[in-house]
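A.B. asks: Below are the chains, spelled out letter by letter.
There are 2 protein chains.
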Amino acid sequence: MADYEIFELGDVVLQSKQTIRGARLAYKTYGTLNAARDNVIVYPCWYSGTHLENEWLIGPGKALDPEKYFIIVPNMFGNGLSSSPSNTPAPFNGPRFPKVTAYDNVVQQHRLVTEKFGIERIKLVTGWSMGALQTFHWGAIFPDMVERILPFQGSAKCSRHNFVFLEGVKAALQADAAFADGFYAEQPQKGLRAAARVYAGWGFSQTFYRVEADLKQMGYASLEDFLVGFWEGWLLEKDANNLLAMLWTWQNGDISANDLYGGDVKKALGAIKAKAVVMPASTDLYFPPEDSAIEVEHMPNAELRTVETYWGHFAGGPGTSPDDIAVLDAALKELLAS
Amino acid sequence: MADYEIFELGDVVLQSKQTIRGARLAYKTYGTLNAARDNVIVYPCWYSGTHLENEWLIGPGKALDPEKYFIIVPNMFGNGLSSSPSNTPAPFNGPRFPKVTAYDNVVQQHRLVTEKFGIERIKLVTGWSMGALQTFHWGAIFPDMVERILPFQGSAKCSRHNFVFLEGVKAALQADAAFADGFYAEQPQKGLRAAARVYAGWGFSQTFYRVEADLKQMGYASLEDFLVGFWEGWLLEKDANNLLAMLWTWQNGDISANDLYGGDVKKALGAIKAKAVVMPASTDLYFPPEDSAIEVEHMPNAELRTVETYWGHFAGGPGTSPDDIAVLDAALKELLAS
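Line by line, the protein sequences give chains A and B.
Residue numbers for the first sequence, in the numbering used here: 668 to 1005.
Residue numbers for the second sequence, in the numbering used here: 668 to 1005.
The set of hints was computed from the structure by calculation and includes no laboratory data.
Take the hints with a grain of salt, since some may be wrong.
Pairs count within a copy or across copies, as identical chains cannot be separated in the list.
Said to hold, decoys possible - Pairs of lysine-lysine residues, derived as BS3-like cross-links and limited to a Cα-Cα distance of at most 27 Å, are as follows:
{"id": "1", "residue 1": "K790", "residue 2": "K766"}
{"id": "2", "residue 1": "K783", "residue 2": "K934"}
{"id": "3", "residue 1": "K824", "residue 2": "K684"}
{"id": "4", "residue 1": "K940", "residue 2": "K790"}
{"id": "5", "residue 1": "K766", "residue 2": "K905"}
{"id": "6", "residue 1": "K940", "residue 2": "K1000"}
{"id": "7", "residue 1": "K790", "residue 2": "K857"}
{"id": "8", "residue 1": "K940", "residue 2": "K684"}
{"id": "9", "residue 1": "K783", "residue 2": "K942"}
{"id": "10", "residue 1": "K824", "residue 2": "K905"}
{"id": "11", "residue 1": "K766", "residue 2": "K857"}
{"id": "12", "residue 1": "K883", "residue 2": "K934"}
{"id": "13", "residue 1": "K933", "residue 2": "K883"}
{"id": "14", "residue 1": "K684", "residue 2": "K783"}
{"id": "15", "residue 1": "K905", "residue 2": "K735"}
{"id": "16", "residue 1": "K883", "residue 2": "K824"}
{"id": "17", "residue 1": "K905", "residue 2": "K857"}
{"id": "18", "residue 1": "K933", "residue 2": "K766"}
{"id": "19", "residue 1": "K942", "residue 2": "K905"}
Take the sequences, apply the hints, and build the full model.
C.D. replies: Shown next as structure tokens:
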């Protein structure tokens, strides 16, 4: 029994001039759309995650309170629920799945929001990591529709260093001969595990490891226990081509790479009318606060609010750091109340 | 024509209770040992490098001036010149090469220095990265012999985060089926290139990539040009088992893991009598300055001097950042003159 809905998009021509035929956008909503249709929050997903992995921020009493708001969580293309390498019919399945940008994702999410629900104003768009990438896109592509954004631990454009980190993840996965250029019969276990080990150094900070938060706060018995249990366990559940599809989306994320802004990032950031709180984490190794500061400089209505933490990229992430999530939740409440 | 000498060590029993039979220590000296035998500098190698890759700091007018000092560069076990997986006879060749610690390396280097050259006092030990690891070891294992140390961009013990970063490098290399558990007929190209791509994100800082120093200062035409030309080019020249042997040495580097200090890192650091200048780089992603600060706290005669730079780990490294190398060279001169 699926706990989500499907919005049928028809044939979607992408920025890459490839087509997802019979494209499907999987989504889940939480709460009830009010009569004025003005209690809407859009909350896009992060790399590899589905709506289920977004739920740590949703609940009664939290900022994203389904008793007050109508929260829409759209699944990203490539995540295995929306159209993806793993669920698309031949010949566009597997490694032949079309290249999808964050722009493509957000344009189709906009169709869901408007065509399916008749929504004209969005109170808040928020998201973590690649969810933040989509959040920035929402603000820039639909500036008159989005009232507030709170992108956390993410960027409006994939930085060159972030791109290189992802090259390492990709190369580790593809080094496994079982990957077979994407035409694998079974998941390339070795490659997925290697990619996870590469990721492990990036996801949390040097200080996180120094203070042994993996053991003392997350309850793992040893570093190896953590590397296998948390990291390898994470990627082993995924489809390799799906991961690479989303990785491409991430590496090519650029708020300005579209007809609206023609590659001018400053212009795209400057076009965001939404009241914005941009929340990097002080020790995030792939979205360092310096990058967020540069982006905020070009946003007319934005505040930079860096979370001081040793949890690195996982500061506001899915349930790992309660203290940082409390800071995030408070910021979301404050922004929603403003 | 080899440009280095070999010191025959005989059969060396290691901390791992494995033996390198007919062990060989490759080394090169620069300058002349004076009559008092008191102009000695020991300058160990970094990960993957040989004495040739240490030469960027040696030369007339530089701190490591062969016209004044007798500079000994010992090659690390596993680097392909000293006993290594690639040059050891069967059955201890390849993946069966014994596990060697930094302690083992330094104890054998000490034999070279004393038995071959009759040296009793060392004016300075210095080294970059794993060379710094060996430098710390020299200070702690032979505190009455070493007058000064200047470890730069390295640590006395491999941190847990550093360990994890290396797990990613290792996993990427080993994911290649051509690696064949180390019994490869030819070098595992895909794995070596993947390991290099993983390394690329760690070697330089986020800011390095943001300001495009790879293009503007190092002269590469594009990021991909840099990833292939600099990074893949670096590891493709190496032997996979050699790299893994040295990686094990690195991951297990611990100044206190020996009978002298019984695992007590503070005690080992506290035993270093040498006047020390410890030079981390402000943006080093695997030897962050915080780690160096903690180490310096426990050293009785040490100064922490952080290099402010965006070159990350490569700040004082082999010829990449002239400005940072000038800072390092000045510090070496100052320490030598003190």
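A.B. asks: Indicate, hint by hint, whether the structure satisfies it.
C.D. replies: Cross-check of the supplied hints:
1. For the identical chains of this complex, K790 and K766 are neighbours neither inside a copy (30 Å) nor across copies (60 Å), given an alpha-carbon limit of 27 Å.
2. For the identical chains of this complex, K783 and K934 are neighbours neither inside a copy (31 Å) nor across copies (68 Å), given an alpha-carbon limit of 27 Å.
3. Taking identical chains as interchangeable, the C-alpha atoms of K824 and K684 lie at most 27 Å apart only when both belong to the same chain, with a minimum of 21 Å there against 52 Å between chains.
4. Taking CA atoms no more than 27 Å apart as the test, K940 paired with K790 passes inside one copy only; the shortest distance there is 12 Å, against 64 Å between copies.
5. In this assembly of identical chains, the alpha carbons of K766 and K905 lie at most 27 Å apart only when taken from the same copy (18 Å versus 35 Å across copies).
6. In the homo-oligomer, the alpha carbons of K940 and K1000 lie at most 27 Å apart inside one protomer (19 Å), although the nearest pairing across protomers, at 56 Å, exceeds that limit.
7. In this homomeric assembly, K790 and K857 never come within 27 Å of each other (Cα to Cα): the closest approach is 44 Å inside a single copy and 48 Å across copies.
8. In this assembly of identical chains, the alpha carbons of K940 and K684 never lie at most 27 Å apart, being 29 Å within a copy and 67 Å across copies at closest.
9. Within a single copy, K783 and K942 get their C-alpha atoms as close as 26 Å, which meets the 27 Å cut-off; across copies the closest is 72 Å, which misses it.
10. For the identical chains of this complex, K824 and K905 are intra-copy neighbours only, at 25 Å inside a copy versus 35 Å across copies, given an alpha-carbon limit of 27 Å.
11. For the homomeric pair K766 and K857, the shortest alpha-carbon distances inside one copy (25 Å) and between copies (24 Å) are both at most 27 Å.
12. In the homo-oligomer, the alpha carbons of K883 and K934 lie at most 27 Å apart only across protomers (25 Å), although the nearest pairing inside one protomer, at 45 Å, exceeds that limit.
13. Taking the closest pair of Cα atoms, K933 and K883 come within 27 Å of each other only across two copies (22 Å); inside a single copy the shortest separation is 43 Å, beyond that limit.
14. With identical chains, the CA atoms of K684 and K783 are at most 27 Å apart within one copy only, with a shortest distance of 25 Å there and 70 Å across copies.
15. For the homomeric pair K905 and K735, neither the shortest alpha-carbon distance inside one copy (34 Å) nor that between copies (61 Å) is at most 27 Å.
16. Taking CA atoms no more than 27 Å apart as the test, K883 paired with K824 passes between copies only; the shortest distance there is 21 Å, against 35 Å inside one copy.
17. For the homomeric pair K905 and K857, the shortest alpha-carbon distances inside one copy (13 Å) and between copies (23 Å) are both at most 27 Å.
18. When the C-alpha separation of K933 and K766 is checked against a cutoff of 27 Å, the pair qualifies only within one copy, where the shortest distance is 25 Å, while the shortest distance between copies is 53 Å.
19. In this homomeric assembly, K942 and K905 never come within 27 Å of each other (Cα to Cα): the closest approach is 36 Å inside a single copy and 53 Å across copies.
Violated hints, in rising order: 1, 2, 7, 8, 15, 19; the structure is consistent with all others.
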